[in-house]
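Chains as they are written, first to last, in the numbering used here: chain A, 1 to 496; chain B, 1 to 524; chain C, 1 to 97.
Be a bit skeptical, because a hint or two may be false.
Claimed, not checked - Over the 10 Å line for every Cβ pair with chain C, so calculated as not near, a few chain A residues:
#1 D10
#2 A66
#3 R127
#4 D161
#5 A225
#6 E268
#7 D335
#8 S436
#9 P453
Claimed, not checked - Taking CB as the label site, the calculated pair distances span:
#10 C/P50 <-> A/P178: 35 to 45 Å
#11 A/P317 <-> C/P50: 51 to 61 Å
#12 A/W229 <-> B/A383: 30 to 40 Å
#13 B/D93 <-> C/E47: 27 to 37 Å
#14 B/D93 <-> C/V58: 49 to 59 Å
#15 C/P50 <-> B/G279: 28 to 38 Å
#16 C/D64 <-> A/A340: 40 to 50 Å
#17 B/A250 <-> C/E47: 27 to 37 Å
#18 C/V68 <-> B/E120: 25 to 35 Å
#19 C/V68 <-> A/F41: 15 to 25 Å
Claimed, not checked - One-sided and incomplete, this derived list gives chain B residues near chain C with beta-carbon spacing under 7 Å:
#20 P7
#21 A8
#22 S216
#23 V292
#24 A316
#25 M335
#26 D343
#27 S348
#28 A349
#29 G362
#30 M370
#31 G386
#32 A388
#33 T393
#34 G445
Don't read these hints as lab results, they were simulated from the structure. Note that beta-carbon positions come from the ideal geometry of N, C-alpha and C, so glycine has one too.
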Amino acid sequence: MTATLVTYDDALARYEPVLGLETHVELGTVTKMFCGCPTVFGAEPNSAVCPVCLGLPGSLPVASRAAIEYTIRIGLALNCSIATWCRFARKNYFYPDMPKDFQISQYDEPLCTDGWLDVTVEGQVFRIGIERVHLEEDTGKSLHVGGATGRIHGADHSLVDYNRSGIPLVEVVTKPVPGTGALAPDVARAYVTELRELLRALGVSDVRMEEGSLRCDVNTSVAPAGLPWGTRTETKNVNSLRSVERAVRFEIQRQAAVLDSGGRIVQETRHFQEDSGTTTAGRSKEEAQDYRYFPEPDLVPVAPSREWVEELRAALPELPAARRVRLQAQWGLSDLDMDALRNAGALEMVEQTVAAGAAPADARKWWLGELARRANEDGTELAALPVTPAQVARVAALVSDGTLNDKLARQVLSFVLAGEGEPEQIVAARGLAVVSDDGALTAAVDEAIAANPDVAAKIRDGKVAAAGALVGAVMKATRGQADAGRARELILERLR
Amino acid sequence: MASTGTPAELTGMTAAQLAAAIAGGEVSAVEVATAHLDRITAVEPQVHAFLHVAADGALAAARAVDERRAAGEPLGPLAGVPLALKDVLTTSDMPTTCGSRILEGWQPPYDATITRRLREAGVVLLGKTNMDEFAMGSSTENSAFGPSRNPWDLSRVPGGSSGGSSAAVTAYEAPLGIGTDTGGSIRQPGAVCGIVGVKPTYGGSSRYGLVAFASSLDTPGPLARTVLDAALLHEVISGHDPCDSTSVDAPVPPVVAAARQADVAGLRIGVVSELSGEGYQPGVLARFGEAVDLLESLGAKVIEVSCPHFTYALPAYYLIAPSEASSNLARFDAMRYGLRTGDDGTRSAEEVMALTRAAGFGAEVKRRIMLGTYALSSGYYDAYYGKAQQVRTLICRDFDAAFEQVDVLVSPTTPTTAFRIGERADDPMAMYLADLCTIPSDLAGNAALSVPCGLAPEDGLPVGLQVMAPVLGDDRMYRVGAALEAALEQRWGGPLLAQAPPLIGPAPGSAAPGGTAADGGIGR
Amino acid sequence: MPITRDEVAHLARLSRLALSEDELSHFAGQLDGIISAVARVQEVAAEGIPPMTHAVPVVNVFRDDVEVPCLPQQAVLSQAPATEQGRFRVPRILEED
Chain A
1 MTATLVTYDD ALARYEPVLG LETHVELGTV TKMFCGCPTV FGAEPNSAVC PVCLGLPGSL
61 PVASRAAIEY TIRIGLALNC SIATWCRFAR KNYFYPDMPK DFQISQYDEP LCTDGWLDVT
121 VEGQVFRIGI ERVHLEEDTG KSLHVGGATG RIHGADHSLV DYNRSGIPLV EVVTKPVPGT
181 GALAPDVARA YVTELRELLR ALGVSDVRME EGSLRCDVNT SVAPAGLPWG TRTETKNVNS
241 LRSVERAVRF EIQRQAAVLD SGGRIVQETR HFQEDSGTTT AGRSKEEAQD YRYFPEPDLV
301 PVAPSREWVE ELRAALPELP AARRVRLQAQ WGLSDLDMDA LRNAGALEMV EQTVAAGAAP
361 ADARKWWLGE LARRANEDGT ELAALPVTPA QVARVAALVS DGTLNDKLAR QVLSFVLAGE
421 GEPEQIVAAR GLAVVSDDGA LTAAVDEAIA ANPDVAAKIR DGKVAAAGAL VGAVMKATRG
481 QADAGRAREL ILERLR
Chain B
1 MASTGTPAEL TGMTAAQLAA AIAGGEVSAV EVATAHLDRI TAVEPQVHAF LHVAADGALA
61 AARAVDERRA AGEPLGPLAG VPLALKDVLT TSDMPTTCGS RILEGWQPPY DATITRRLRE
121 AGVVLLGKTN MDEFAMGSST ENSAFGPSRN PWDLSRVPGG SSGGSSAAVT AYEAPLGIGT
181 DTGGSIRQPG AVCGIVGVKP TYGGSSRYGL VAFASSLDTP GPLARTVLDA ALLHEVISGH
241 DPCDSTSVDA PVPPVVAAAR QADVAGLRIG VVSELSGEGY QPGVLARFGE AVDLLESLGA
301 KVIEVSCPHF TYALPAYYLI APSEASSNLA RFDAMRYGLR TGDDGTRSAE EVMALTRAAG
361 FGAEVKRRIM LGTYALSSGY YDAYYGKAQQ VRTLICRDFD AAFEQVDVLV SPTTPTTAFR
421 IGERADDPMA MYLADLCTIP SDLAGNAALS VPCGLAPEDG LPVGLQVMAP VLGDDRMYRV
481 GAALEAALEQ RWGGPLLAQA PPLIGPAPGS AAPGGTAADG GIGR
Chain C
1 MPITRDEVAH LARLSRLALS EDELSHFAGQ LDGIISAVAR VQEVAAEGIP PMTHAVPVVN
61 VFRDDVEVPC LPQQAVLSQA PATEQGRFRV PRILEED
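So that you can see chain A by itself, here it is in the shape it has in the complex (with noise of 0.2 Å):
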């Protein structure tokens, strides 16, 4: 069945939205949540497996301290109260991922509860309420044989991998989010970026969407404003920035669909669809899922002491949106130019290469310019390019002292990127150097006289302005190395 959907102003124009956002986050702990397996993304299947994280008969978990602190950092990072005494739970549901048949996560007892995140939108600050930040295991991971495509549906058989299986997950749990009219999707993908960055900074994942090393689920309801909250649907599957906002976008608009035509909206879980940007209904289930939590006899409760909550909370490093307000101010951009190098990500890179001795502006205009292409080329990240942030400070460099122009400094930046050394060595080994000798110019300036007497005469004539054409030509001849004003002069003096 395809939904029929209103179009998105129109559905704003009756409805309120109300958002809410779970988001796992896979640990980048050294080993998992309760056995010293590694945490290894892409190994050989089942390679990275013990008898606890294979759930066999008889073995038993024991908690990582290093999960539990990186947890209380992320709850201290997101103004959470953390719990004095907590408890983790059984979860139990059968699926054939999940060796135990049951997850050990926590229920009524999360480590930690009650927090912020702000975020910006449009220069407007949405304050998203955190419910709770809590611990639990992964599962494995399962391949689709037969049927179309290695979906779930139609699929003959499976097969499953339990490497990712106990890998330690944080769920971070929105409180509703209501009030944020039209900028309901807006608002998702600014929280959903503005945590991946906290993690980032805090170092405790590699938060990689595209991995799965961060998941979202994307509740959305929306009822007519100044109504009660309208039932909400919760859509799994979301992969990426762009698909949170297009997932809330969709569900807006087509909840609104529904309940124009007097339908209701039902609570069930959806599934993004990446190739379509719609979500789908999952199977319905028979019965209402009963996961008979109960606290996990086989773990001792965590009760963290004041003491280690506030060692943890001084060895905090700077956040985020604190960062971006030093840096801001530090460089004197405005708000515009900020969230330009918010979005293409090159906060990091750029705050580097001025570390590394380049001006602000030059290293904005470096990563924000010229790499920022060639990343979008290769599908990449900056951070992904084989560049380094000293790297580009010393191009930028070159070329304030004059042993670069721009154009140069282009193809430097392409010879270091393509592995050819540093970009100096580049400058030597290809004779990249801006040519400024008189004697090498003059040749190639009187070359471009002879080759152009009509522009020459015009120059002649008083038209000072055509020297332009013949500057190209010598540029052209000297294949873009010639310093390209000492050019001109050059050929003023010539023409006179």
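Position chains B and C relative to chain A; hints supplied.
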């Protein structure tokens, strides 16, 4: 090396005597292992204590002990002593089935901590013993592989769930056995077989590699023919294990010294008034009363103590244990190991799970899984599981109050002597009563043991006396147990087991009795 | 409140036990008896009494973030009913979690 002792003499020796003889070079560990393997061959057709006998592995382990001794290496206090291991503890060289079809033939890739400690101590593992499926039961009748039999009377149960280990020790197939106690599964089979069964303080012995029944209750512990042997085994298996979060990080109580001390002079002993009266077999109460009198005559101060919430222990237990079990046993889902039935290429994983679990679990396991699922369900949790946990707190408080007045508590271990096979098989409530006296200590987590105190006059079957000690006060109960054992043996003129009818050779139609051990293939 | 056969059928589904009609009826009677017996815990005055989940009152038992050797893949898969491409082969899965 001069060999002393006939095979029969060797199997009749205590673990302490065997260890001394091996250490002193009077007998080799291989001779001791061989004698016990021969005994197993001879009596297994009647007793059926073992699910798996590892003759080759046992002889290899025994040889290693002999070599270490020959090389002058120091040997532990139980080096070379054979042991029967309950089939609920994982072994990397023997299958681990938990008495269930669903795990038939499962070969774990790892050793339980207890298994490892036994091997490191030079204890010779003879094989894996029968048990009620997943330790749920009091008779071994719930084993998928048929019941074990009580050597005192082959028509009766050896208790359970550690009935295979208790039967093996009673039948002189092994001087030592390991059991696990969740609601009485070491003490109750110890009592009805006339041997010593010990539940250490919860967390005193590691659960890593113990296939869980009820995680907050399960406790591995020793079965032996003497209190001292039990204490020696207790020390070998105990101590902190970083692989078990609930393992106690404290020194092991000095149980061997306490068993040697065997003195109750000045000790305050409380008789629990709630663990007596209606439903108790007269002969059990008679022997229990005489034993208490004897302890008093040895200088103990005996008073009656009330623990009012003990009467709610049984219902609380039958909520807590099944609840945890329903979750612990979920993993037997036909996906990664064990039985898989109904996978015909058309059925879903969900259907195959349900078919396999229906085919692989016995009736008692199914009952308890459903009972636990019920108790944890939304809407029922507070009224059942939640309430049971509050009762648990109240039982703990009863113990705390009692241990302010007395050093140890005593009661009969079981309300009756061993019942007949089949008698309570499909009457779960009647079966559950076997654990009436043992359950309080499981819920509270404190230490308790059962020591033989005579034969009930009406049926001539063994009666056990239970000694309960505070958490980590395990040594106290050994003092009492050993003192009572010594006094009673003096009265009886020898161990109680000497009065058991001899098991004569194999049942008709099976292999010839006696002779040398067949290497492997026994009881598999 | 007696346990009905339908409730037992529900419990069996939740517990992934494909029970026969006979078994359902048999267990219904037994579970009803057991549940009415264990319901006695509700008689206890437990107002304000904390629930006890652990026998030993310890907190904060942790392991360090240090890698321990894993099992060899062969040992992991050797006991499986079916394997394929180094993975556990399982029947088709009906619904996404």
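Practice task
Identify every previously stated hint that the structure contradicts and give their numbers, smallest first.
Solution key: Violated: hints 2, 4, 11, 13, 14, 18, 20, 21, 23, 29.
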